[in-house]
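Every letter in the sequence shown is one number past the one before it in our numbering, and letter 133, counting from 1, is 133.
Treat the hints with caution; some may be incorrect.
As the list claims (entries may be wrong) - Here are the computed distance ranges between Cβ atoms for each label pair:
#, residue 1, residue 2, range
1, Leu158, Glu253, 32 to 40 Å
2, Arg10, Gly124, 42 to 50 Å
3, Lys259, Ser99, 22 to 30 Å
What the hints assert, rightly or not - With a straight-line cut-off of 20 Å between C-alpha atoms, the simulated SDA-like cross-links for lysine to any residue are:
#, residue 1, residue 2
4, Lys195, Asn289
5, Lys257, Pro191
6, Lys259, His249
7, Lys292, Arg255
8, Lys101, Lys257
The hints are simulated quantities; they were obtained by calculation from the structure and are not laboratory data. From the three backbone atoms N, C-alpha and C, an ideal C-beta is built for every residue, glycine too.
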Amino acid sequence: MRALAEFVLRSRLHAMGTIAMLAFVTLLLPPIGYLTGAVVGLVTLRQGAVEGLLTLAGGLVLAMAVNSLNGDNAVTVGVLALFWLPVWVLAAVLKGTNSLKIVFQIAALFGVVVLFLFYMFVDGNPAIWWQETVQNLFEATGERAVAPDVEILLKPQLAEVLTGVLAAGFFLGLTAMLLIARGWQAMLYNPGGLKQEFLALQLGKNSVLLGLAVMLPGMLMGDAVPSIVPDLMQIWMTLFMVQGLAVAHALLEMRTKRKGWITALYLLTLFTPLGFVVTMVGVTDTWVNYRKQFAA
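With these hints in hand, go ahead and build the complete structure from the sequences.
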């Protein structure tokens, strides 16, 4: 990764070319897409907002040109570009404030914007849109029997949460790209800086109270609550899952230096019900301050 980061910072053309190359590779290995946003973030963090924006624009043009050679597959580049501009904004804010708290809150706000835009796109009926879209995609395959995995997607209970998952996933994607960029910057110019910065993350009481205010209608209205309320809650809970990871990681650092435990923490948080526990740790840390308590 060091070699890639150094290559990106050699010149504007190097950065643009890297974005185009990584966007092309994303067709084969989708997780590589996170690195495209990280390139935009790194250039912005190191060389400023103007240079970052020029790199973004040039990289987008080159990526479109390269992908046109592969059958004009502009969808992948278009999806990636939806992340690049917010990442550029986040990196510019981080460069100016040096506050992960602020940029994570802004990233969550971007998730809210995506959520509202999606609701406008589907005329306020996301669950119906998801069911119809999955059904149309299935029918387009020409299959007669509904596969079990497709049948699950057609269930109303799952369709109702997919929009929130989409918005929360957008927030996580922005967060991942920005952290990779910050990690590259720290690797080159401030070894250990990102770790110290992330483990000290504290989102503050206002963020908690805002989430509780959004939750209140759901508690009072029950089944009559608008579907956008639980979707907003998914973004809020994902934000505090990140906070909880910072707390849990810091506590593990106090007890053990084994990377295996820390890797397991992240994997279990993302893919098991432990994620809810970590989220609650993030929420309650605002008042309890676990890091201070365990350090005493």
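**Asked** Looking back at the numbered hints, which does the structure fail to meet, lowest number first?
**Response** Number 8 only.
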